[in-house]
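2 protein chains.
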Amino acid sequence: MRKIAILGFGTVGTGAVESFYYHKDLIEKRAGETDIKYILDIRDFPESPYKDKVIHDFSLIENDPEIAVAAELMGGTNPALDFTKRLLKKGISVVTSNKELVARHGAELISLAKANGCSYLFEASTGGAIPIIRTLGDSLSANVIYKIQGILNGTTNFILTKMLEEQMTFSDALKLAQDLGYAEKDPTDDISGADSARKICILASLAFGKHIKPEWVRTVGIDRVTKEDMAYAESIGAKIKLVAVASKEPDSEKIFITVEPHLVCNNHQLSVVSDVFNAVMVDASSAGRLMFYGRGAGKLPTASAVLTDVCAALTADGSLNNDVWEDCEEDIIIKTDGQEGLPILE
Amino acid sequence: MRKIAILGFGTVGTGAVESFYYHKDLIEKRAGETDIKYILDIRDFPESPYKDKVIHDFSLIENDPEIAVAAELMGGTNPALDFTKRLLKKGISVVTSNKELVARHGAELISLAKANGCSYLFEASTGGAIPIIRTLGDSLSANVIYKIQGILNGTTNFILTKMLEEQMTFSDALKLAQDLGYAEKDPTDDISGADSARKICILASLAFGKHIKPEWVRTVGIDRVTKEDMAYAESIGAKIKLVAVASKEPDSEKIFITVEPHLVCNNHQLSVVSDVFNAVMVDASSAGRLMFYGRGAGKLPTASAVLTDVCAALTADGSLNNDVWEDCEEDIIIKTDGQEGLPILE
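Protein sequences appear in the order of chains Y and E. Each residue of the first sequence is one higher than the one before, starting from 1 at the first, in our numbering. Each residue of the second sequence is one higher than the one before, starting from 1 at the first, in our numbering.
Derived from the structure by calculation, the hints contain no laboratory data. Predicted, not measured: the structure shown is a model, and the values here were computed from it. Some clues are possibly wrong.
For chains that are exact copies, the list does not tell them apart, and a pair is met inside one copy or across any two.
Dumping the calculated DSBU-like pairs for lysine-lysine here, alpha-carbon to alpha-carbon at most 35 Å [stated by the list, open to error]:
1. K3 x K147
2. K3 x K210
3. K29 x K254
4. K147 x K24
5. K29 x K90
6. K147 x K29
7. K24 x K254
8. K335 x K185
9. K51 x K210
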């Protein structure tokens with residue numbers, strides 16, 4: 001039987017395990033008989049119904065020939081990067097929700113998977129439950145992608161929605177997001193735009209076939225957006241949203257990429273994306289304009305993406321990584337000076 | 001070299017051929033070296049740059065071991081059904097835009113493909129460029145689908161948009177749609193809801209794993225929608241849209257399926273879907289609510305879907321049909337009497 005290992009038993013890991021057992025019939029109908037054999041974490045979970053699967057020694061997974069797929073749901077770079085490389089080198093597919101790792105080391109890990117006949121899949125890294133990774137990778141094969149615009153961070157979108165609809169201040173809205181569990185105690189990565197920058201890098205790398213790094217992205221957070229800015233936006237028939245944009249002119253190698261608050265006009269599709277929802281808009285040569293909308297985070301939506309990748313990896317005979325990301329230098333990025341006022345999406 | 005045959009050189013066929021050569025580098029990077037070897041049509045095209053590929057004898061395709069994939073873009077049942085069966089029996093994958101054939105004979109053709117180690121793919125049959133077929137088939141593996149709501153016919157959505165925004169009568173809006181090439185000379189299949197009924201059957205069959213037939217769908221067209229209805233909708237903060245709905249209660253085998261004009265409230269995601277655009281909203285157990293939006297028809301958007309399937313079929317070693325559709329009887333359908341007034345989407 002081809003079995004599964006879960007790396008990390010936090011919120012996402014718990015969601016993946018619970019959702020796996022809730023949907024086991026469905027998953028086995030798709031992917032054949034399977035089970036979760038190990039859950040790796042540094043902690044013990046004596047109250048968990050899955051406590052017997054919990055292990056602390058990574059080498060058990062690495063050296064178990066029954067393990068076909070590992071779901072890396074730990075986050076961060078260490079030890080996730082080391083574990084991922086060791087698994088891929090053994091021919092064990094890795095699926096992940098770890099946007100930091102994919103954004104920083106995607107090219108290397110995809111190539112490593114391909115070289116070892118297994119897969120490195122990351123549907124859960126960007127857009128939560130929205131199947132945008134598979135769409136860019138597989139479902140737009142015969143398209144040149146011109147542009148991607150996305151609301152990629154649910155926390156900031158929730159805060160901006162509350163500031164608009166309930167006239168909250170930034171700090172009150174942030175506090176509410178923390179109370180509801182949407183924002184971390186240290187919300188810097190969300191608020192500063194760093195989380196969105198990682199995600200637009202993943203989408204841009206997939207769309208353009210070059211590995212675009214987060215530190216190259218012009219990134220402006222939402223912490224300086226005021227109630228007055230919101231009122232001004234409303235007075236001109238717009239909303240303020242934190243939008244990530246990546247574009248490439250046809251016949252040019254240069255890429256424009258940014259994360260910053262935008263004025264989004266009310267007739268623009270992204271203007272109706274509220275609360276913790278995410279959306280990704282894609283402009284492509286044949287398909288034209290497409291939009292994908294759904295829950296950008298949360299235990300079950302993320303589990304949906306993780307388990308979709310697990311099913312894909314279990315049924316694949318070889319690597320599912322269709323496209324490698326070429327290495328490239330920062331001079332591929334079009335540099336722009338900060339402009340007066342917010343950019344507008346009409 | 002694994003080569004491609006195009007069956008039918010009308011609007012969709014021409015779009016597929018032109019888009020193939022425009023994107024040939026991209027397609028070959030994905031799917032390996034390939035080419036279009038034959039274009040089957042009853043007509044000659046002496047002015048076409050592809051005239052040398054045009055043939056009239058189907059058996060050339062069927063008996064050519066170089067052909068790995070055929071794109072059936074003829075529409076209708078005859079001879080499309082016969083051709084499709086003969087190709088699949090030879091192990092040649094078939095991709096299609098033919099919603100009528102998929103809605104009526106999908107279960108049989110999917111099983112036939114599976115039995116012969118090839119694929120029957122139909123991304124282009126529903127939702128134009130929106131990759132909704134692959135999403136329901138592959139990207140929501142670990143979800144129970146509860147409900148699908150869609151605006152699946154661009155022609156009727158265009159007509160209703162013009163009636164709303166420019167206060168046109170139904171017949172003036174229909175005439176404009178015909179003048180712009182959005183509606184056929186005989187627009188019955190669009191206006192009556194029959195086209196939407198076929199498409200919601202395809203989506204429901206994929207989502208619920210049972211082959212739902214178009215004649216079981218309660219289908220009401222848009223020809224009785226008046227300017228007064230539009231004005232009434234506007235007065236209560238809603239729009240009138242032709243919406244297809246399919247749903248299944250958890251733990252029930254019964255399916256509700258309908259195509260009819262709905263009052264769609266202005267805060268509902270489907271209310272912003274205008275003109276010839278389509279959208280599909282999916283409610284699923286883990287992913288929650290997802291929406292997919294894009295061009296529902298047209299030469300290039302349809303070509304995008306056709307060529308995505310061609311790439312998938314060219315790279316597959318076996319059948320890509322993950323799920324068969326079980327045969328079922330009409331008593332699976334929940335019957336409802338027509339109600340007073342339009343159903344509401346809030």
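Each hint tested on the structure:
1. K3 x K147: between (39 Å within a copy, 31 Å between copies)
2. K3 x K210: For K3 and K210, the Cα distance is within 35 Å both inside one copy (33 Å) and across copies (29 Å).
3. K29 x K254: between (45 Å within a copy, 21 Å between copies)
4. K147 x K24: Result: close only across copies, 21 Å inter versus 38 Å intra.
5. K29 x K90: Answer is both; intra-copy 27 Å and inter-copy 27 Å each pass.
6. K147 x K29: between (37 Å within a copy, 21 Å between copies)
7. K24 x K254: between (46 Å within a copy, 22 Å between copies)
8. K335 x K185: Intra 33 Å, inter 51 Å, cutoff 35 Å: intra-copy only.
9. K51 x K210: neither (42 Å within a copy, 38 Å between copies)
Hint violations for this structure: number 9 only, all remaining hints satisfied.
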